[in-house]
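Grab the two chains, each in its own frame, and use the hints to assemble them into the complex.
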Amino acid sequence: MKALDISGLTKTYKGGTQALKGIDLEVNEGDFFALLGPNGAGKSTTIGVVSSLVNKSSGEVKVFGHSLDSALVDAKSCIGLVPQEFNFNQFETLAQIVINQAGYYGVPRDIAKQRAEKYLKQLDLWEKRDQPARELSGGMKRRLMIARALMHEPKMLILDEPTAGVDIEIRRSMWTFLKEINQQGITIILTTHYLEEAEMLCRNIAIIDKGIIVENTSMKALLSQLNMETFVLDLPVQSKPPSLTGFEFRNLNDHTMEVDVLKDVGLNDVFKQLSEQGVTVLSMRNKANRLEELFVRMVESGRDKKAGAA
Amino acid sequence: MANRNFTALRTIWIKECTRFLRIWVQTLVPPAITMSLYFVIFGSLIGKRIGEMGGFSYMEFIVPGLIMMSVITNSYANVSSSFFSAKFQRNIEELLIAPVPNWIIVLGFVGGGVARAILIGIIVTCVSMFFVDIQIHNLAIIIITLLLTSSLFATAGLINAVFAKTFDDISLVPTFVLTPLTYLGGVFYSLTLLPEFWQWVSKANPIVYMVNGFRYGFLGVSDVNYMVSLGLLVGFNVVLFTIAYQLINRGVGIRS
Chain A
1 MKALDISGLT
11 KTYKGGTQAL
21 KGIDLEVNEG
31 DFFALLGPNG
41 AGKSTTIGVV
51 SSLVNKSSGE
61 VKVFGHSLDS
71 ALVDAKSCIG
81 LVPQEFNFNQ
91 FETLAQIVIN
101 QAGYYGVPRD
111 IAKQRAEKYL
121 KQLDLWEKRD
131 QPARELSGGM
141 KRRLMIARAL
151 MHEPKMLILD
161 EPTAGVDIEI
171 RRSMWTFLKE
181 INQQGITIIL
191 TTHYLEEAEM
201 LCRNIAIIDK
211 GIIVENTSMK
221 ALLSQLNMET
231 FVLDLPVQSK
241 PPSLTGFEFR
251 NLNDHTMEVD
261 VLKDVGLNDV
271 FKQLSEQGVT
281 VLSMRNKANR
291 LEELFVRMVE
301 SGRDKKAGAA
Chain B
311 MANRNFTALR
321 TIWIKECTRF
331 LRIWVQTLVP
341 PAITMSLYFV
351 IFGSLIGKRI
361 GEMGGFSYME
371 FIVPGLIMMS
381 VITNSYANVS
391 SSFFSAKFQR
401 NIEELLIAPV
411 PNWIIVLGFV
421 GGGVARAILI
431 GIIVTCVSMF
441 FVDIQIHNLA
451 IIIITLLLTS
461 SLFATAGLIN
471 AVFAKTFDDI
481 SLVPTFVLTP
491 LTYLGGVFYS
501 LTLLPEFWQW
511 VSKANPIVYM
521 VNGFRYGFLG
531 VSDVNYMVSL
541 GLLVGFNVVL
551 FTIAYQLINR
561 GVGIRS
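Here the protein sequences line up with chains A and B, keeping their order. Numbered by the numbering used here, the letters in the first sequence go through residues 1 to 310 in order. Numbered by the numbering used here, the letters in the second sequence go through residues 311 to 566 in order.
Simulated from the structure, these hints should not be mistaken for laboratory data. Hints are supplied without guarantee of correctness; some may be wrong.
As the list claims (entries may be wrong) - Quick list of in silico lysine-lysine cross-link-like pairs, BS3-like style, CA-CA up to 25 Å:
1) A:K113 <-> A:K141
2) A:K2 <-> A:K220
3) A:K113 <-> A:K155
4) B:K397 <-> A:K14
5) A:K62 <-> A:K210
6) A:K179 <-> A:K155
7) A:K141 <-> B:K397
8) A:K121 <-> A:K141
9) B:K475 <-> A:K14
Unchecked claim - Facing chain A, a subset of chain B residues (Cβ under 7 Å, in silico):
10) R314
11) T317
12) R359
13) E362
14) E404
15) L405
16) V410
17) N412
Unchecked claim - Stretch-level coverage of chain B by chain A, calculated; a stretch enters the list once three of its residues show a Cβ under 8 Å from a Cβ in chain A:
18) 388–401
19) 490–496
The C-beta atom is built at its ideal place from N, Cα and C for all residues, glycine as well.
Here chain B stands alone, though its shape is the one from the complex (with noise of 0.2 Å):
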């Protein structure tokens, strides 16, 4: 039984991860190219104007939010649009027919996106060393937090896929809540720049703890403790996968 789901479990994620290679153009160029001008517009040439932040120089500062803010887009939209795909072509049959426990269905599509938020990660840190000295502060809350932001985020992909009923349902979340969530989260400043009043309403923003954690692994600064920031990733990720799996468990949106 164990070894059957750890076979059906690799199958699914060799597929999630051979479906994101093929489209290469669509999954991995494009965070590479945006990044790229995030860091020549916002690092090199804003950024000179603005001087330190944190104790580091802006681009600097900016780097981890920006590896995590493609980590979080890249997680969502995989396995979002993966499922969304499965069931619009009806080929997550090929699954629901299958002795597959829901919750390896729910751990595969995630892992696909995990595999993805990963190799972004890779890549637009290699371009990022272009611009700056990329330093490691403390490499294992980076790899925590990176696994733990892209599985909780490729999660609620698949809950948005699952409720989806047209292609423009799996676009609707990422452009009016992760958008404005990821760009008020601290990617680009420091919330102790902000009136105490916003700093505050920042801090209910999950977004924020992301990427400070992500921060607090590359240069020892965060504006709010890495431990919380772990904490609330751990509570995060039990949260959504119970969903995602009872949503699975129950049918909703895959069986009649």
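Same shape as in the complex, but just chain A (with noise of 0.2 Å):
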């Protein structure tokens, strides 16, 4: 079954700004899906018309096949949202907030109490549960809208940014908080700015940009798109700078060289070279983010097209 299924989606706001120029997307119930998109793109918009934040021009939205015109409520009720910015009260408490909004979505106070413990505990803020929201953390505040958004229990949880501004530590706890709650069922939708992020995290993405959607494939199709990687490596300091050959190769200064290696070519004729000529590699790293590079260049070719069609 499609957890969501988008077809035709349209938004013209008042100001006659076109954020979304008739997208299709279908995500797949258990997956994890990115949204990707620079600023301005749409994926907030897209993300604000599926949540009912924001009202469509046209087009149809189905969440789990009921569709956002006729069957709202039950939509709804298949959606945790966990926004961009900060939304909630804060004077209120952790808990007051959480079993709140169990509340809206009907779920019984005694029975959004115990939620509110597991998913506080959890999202290791149990302790703070009496604490005006407010005082916590901005890492905290974004792990309390993560708990919020699970108290109803949804089927698919919608996640716009929710690592912005949030140190790495907390971040890599909030990836394997969220691949857990993946793993247990939960269809997640995630945008993000940190391409590692949903290279990491995600099976299937869609790249959005200017209103349109300019990719729509899984990870993995993406990445292998990608022949070519580039390759730094740590070397001992070198009183002759060593050289490769078959390879395209820049020796930056006397300890560290960068390499290009075709997909189809691999590592290990550069390490054999290396060997020969008494070259030991300390450490390697990738010089790039691999999705970075390709996101950016889907962009461009993306808009490329359009100015040519134009």
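Here it is, written out as structure tokens:
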């Protein structure tokens, strides 16, 4: 079953800005899906329409088969939303925020209290339950919004840049948590500016730019489009710069080398040639995030196509 | 479905009550102090020189009007401030994404305003008992008028908050509309003291009917027929609730 089925979705704001120009998007049940795009591409508008915060201009949105037009209540019940901005009452305590949210979905108060304990503990917020939300750190506020979104136990969780401004340790603990709940069967749709995050978590991906979907495929298929990667090799200080045959390379200084490696060639020959020259490779890393490279390329080629058509 | 809606309504109502109880120094204490001053100055000091009005001491005469004045002001202020804050902080989105029918949202916020108005009404009544012996002519009319008036002004406060874009916008109506209408609504005087023309003009002021309906419940006297008062209150409630529901339904000020 499709967790989300969007067809021909358009949105034009009152000022005339056309944020969505007829997008089609499908997300399978149980998927971990990334929706990527530059600022102003239409990601938040898409999420806004799906979660009923933005009125669509035309098109159809179905959530687990429930149309927003004819079965809004059923559709809403399936969705948990973690928005980009903090949108809880800063003066309420954490317990009040999550218990009230469950109440809006019709969860009786005694069950809501049990779930509050479960999710606040899972997100390491239980000790803070009686504190007003304004006293939390940024990372805690982000986790509070995840706990709040889970209180009615939705089938699909939508996260709009959930780790923005969060330190790396908390970000990684949030990734672990999201992976766990996805494994339990919750469909997750994620927008993020950290492309590493999307690459690490998501199985499928859509790239949106200027209100249209420019790519919609699996992460694996997307990354396979990248036929060359650049590696940075850290070496001991060399009196004579090493060289490679059959590879594009650059000696950045006396202890760092950059090598372009075609995907079907592999790295073995690089190591072999360096070894023959008596050079030890101390460490190695990708020059740029692979997905980031692809992302920039996709967005630019989409724009070029449009410019060409015009 | 009915259970879910009831749970949602109860949640909004509890949230609203918790809000005004949390800031009780701002919400519950000021009306008690203001009304004490009214009772001391207008009732005890000036009232003694005024003598009787409508067959009652001046203090007895103004008590129902002063309670009603607090009810009107507080029911309006509670919802306008709470709903606008929810819009401003964007936590209204918590409700908009949930499967809560829009009429439940309106009812929940209005219910919060009514709860605060009733509590204020009880506090002001208790304060007035230090100054005068309260008499009750018809308790049912007191309760019905109290509920209908507070729900009417709570709904009006919600409509104000829907259109408000800044905090200034939610103080404009109370300052320039509610306060003048309340002071000219027969709280401090009987309409019979006015020249005939001004009596006629005063009857275009809806607050006259609420104050007099409420006064009838306490004293059994009124410048207008209490049934007309109740009828108008029901009518205004239906009209304003429908407007508020339609505004939320269309997402005015809350959905883009």
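Comparing the hints with the structure gives:
no. : hint              : in the structure
1   : A:K113 <-> A:K141 : holds, 19 Å
2   : A:K2 <-> A:K220   : holds, 20 Å
3   : A:K113 <-> A:K155 : holds, 20 Å
4   : B:K397 <-> A:K14  : holds, 19 Å
5   : A:K62 <-> A:K210  : holds, 23 Å
6   : A:K179 <-> A:K155 : holds, 14 Å
7   : A:K141 <-> B:K397 : holds, 19 Å
8   : A:K121 <-> A:K141 : holds, 14 Å
9   : B:K475 <-> A:K14  : holds, 17 Å
10  : R314              : holds, 3 Å
11  : T317              : holds, 5 Å
12  : R359              : violated, 47 Å
13  : E362              : violated, 49 Å
14  : E404              : holds, 6 Å
15  : L405              : holds, 6 Å
16  : V410              : holds, 5 Å
17  : N412              : violated, 11 Å
18  : 388–401           : holds (count 5)
19  : 490–496           : violated (count 0)
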